[in-house]
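Engineer: Could you put together the complete structure from these sequences and hints?
Everything in the sequence shown is counted per this note's numbering, starting at 152 for the first residue and increasing by one.
These are computed hints drawn from the structure, not numbers from a lab.
None of these values were measured; they are calculated from a predicted model.
Incorrect hints may appear among the rest.
[Said to hold, decoys possible] With a straight-line Cα cutoff of 27 Å, these simulated DSSO-like cross-link-like pairs (lysine-lysine) come out:
hint, residue 1, residue 2
1, Lys537, Lys548
2, Lys269, Lys333
3, Lys348, Lys269
4, Lys511, Lys463
5, Lys348, Lys511
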Amino acid sequence: MRETVSRYFNHVLFAIGELQHEFVRPPSTRTPPYIATRNTLYPYFKDCIGALDGTHIHASVPVSEVAAFRGRKPYPTQNVLAAVDFDLRFTFVLAGWEGSAHDSLVLRDALERPNGLKVPEGKYYLVDAGYATRPGFIPPYRGVRYHLKEFGSRTPANPKELFNLRHSSARTSIERAFGSLKNRFKVLASRPFFPFKTQAELVLACCTLHNYILNGGEDDFIPSEEDWIPHRSSQTTFREQREEAQEWAIRRDQIAAEMWANKMEGDSAFEGSQTASITKSRLRASGNKRWTLTESRYFIRFMASQVEQGLKVDKGFKPQAIHAAVRAMNDTFGVTVTEANVSNHLRTIRRRWVRIKKLKEMSGMGWDDNLKMIVMGEAEYIEYIKVHTQDEPYLNKPIEDYDLLEAICGNDQATGHRAIPSGSRIGAQMDYNTEPEAFPQAQHFDNMSFEEAYGYVR
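Structural biologist: Structural data, given as structure tokens:
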């Protein structure tokens with residue numbers, strides 16, 4: 152029986168995948184009825200087309216890759232980015248990113264893909280505070296109370312709190328959609344035994360079926376809006392990106408101010424507003440240091456030596472390696488370097504490595520292993536650099552210390568090289584003229600203990 156089910160599994164997956172274009176479609180650019188019929192949301196959010204967030208789904212991967220897949224969960228996961236409309240239908244899904252990837256990194260990848268997420272001009276999604284304010288995405292105010300009540304003992308005290316309250320009420324659509332997806336398809340809530348490619352494809356298939364089922368109306372798997380308790384969340388130049396972010400931050404301020412002014416018209420008990428803001432100096436950890444090129448080169452070589460001594464562990468280094476790096480930098484350069492400085496520079500190096508790996512895997516890129524150089528045609532290079540100036544140091548020139556960077560970062564970092572967006576072909580179409588192969592054992596996990604498969608150490 153198991154062989155029979157396995158034999159047709161990928162064919163069924165393929166068939167469901169062919170329905171994606173019919174059931175997983177971009178949202179309408181018209182004001183959603185959900186917004187238009189609620190006085191607390193209209194006209195303030197009239198240009199909002201949905202909500203966007205990430206969620207973590209169990210993943211099974213080889214032990215050598217566990218570090219990249221283990222993020223805030225104690226077990227390996229894939230990070231799934233999704234956008235939904237206010238009818239709880241998925242309008243875009245990107246599955247397969249490693250669990251350690253930050254949501255903002257996954258969003259960036261979704262926006263850069265040719266078949267990725269597209270936000271219509273002037274429209275936007277509501278996102279949580281883990282994302283930055285940027286064109287097409289509006290998060291709540293940071294450092295401001297978020298989950299309040301319109302009336303009662305914990306009412307908003309100022310425009311920002313009122314904005315956050317109504318932002319929260321509208322953004323629950325994405326959380327309710329994720330809740331419904333996991334409640335309905337238990338295969339997403341348990342340890343998978345498929346190859347990882349299939350694990351990512353299963354997410355797309357389940358999202359497609361979720362949308363199809365909603366054609367019959369909401370059912371018991373859909374958390375009710377009244378009972379839902381939201382989770383608490385904590386091609387331009389960089390200058391143009393900052394200006395665009397400021398523009399959308401101003402737009403958020405305008406929405407909040409308009410909300411507040413309208414609320415105050417009918418509120419005679421207003422006692423003044425309370426402004427809560429957190430400056431960059433308070434938010435930023437005390438680990439800032441401007442590293443010279445010489446210091447950075449020395450640091451990379453020193454940390455590579457710590458790898459050789461066995462002081463590198465899952466997703467980082469042992470404390471003694473960090474302490475040794477602090478002493479070495481202070482003694483060699485006569486400067487004050489702290490553990491925070493070392494940790495921050497390691498994060499910088501890891502981000503650099505992630506970008507290098509991403510570029511290596513991009514379509515149209517070549518790789519010269521002797522020179523450790525990512526190769527790109529001259530004409531393509533000129534056009535590419537016009538838009539992606541930050542990638543110039545890594546293209547058509549040897550990457551300095553490539554082998555050392557690989558030793559320091561290894562497979563610890565998420566790259567998203569196996570992520571697949573909605574609309575991609577999934578599964579495999581069956582050839583009825585040949586005998587189908589039985590479903591393969593996933594990653595050779597059948598003969599492994601749970602602890603071995605997930606990289607746990609007793």
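Engineer: Each hint should be assessed against the structure and marked as holding or not.
Structural biologist: The hints, checked one at a time:
This hinted pair checks out: Lys537 and Lys548 have alpha carbons roughly 17 Å apart, not beyond 27 Å. With a C-alpha separation of about 26 Å, the suggested pair Lys269 and Lys333 falls inside the 27 Å cut-off, and the hint holds. The hinted pair formed by Lys348 and Lys269 meets the criterion: a straight-line CA distance of about 24 Å does not exceed 27 Å. As the CA atoms of Lys511 and Lys463 are separated by approximately 25 Å, the hinted pair is consistent with the 27 Å bound.
A threshold of 27 Å between alpha carbons decides the hint, and for Lys348 with Lys511 the separation of about 20 Å falls inside it, so the pair holds.
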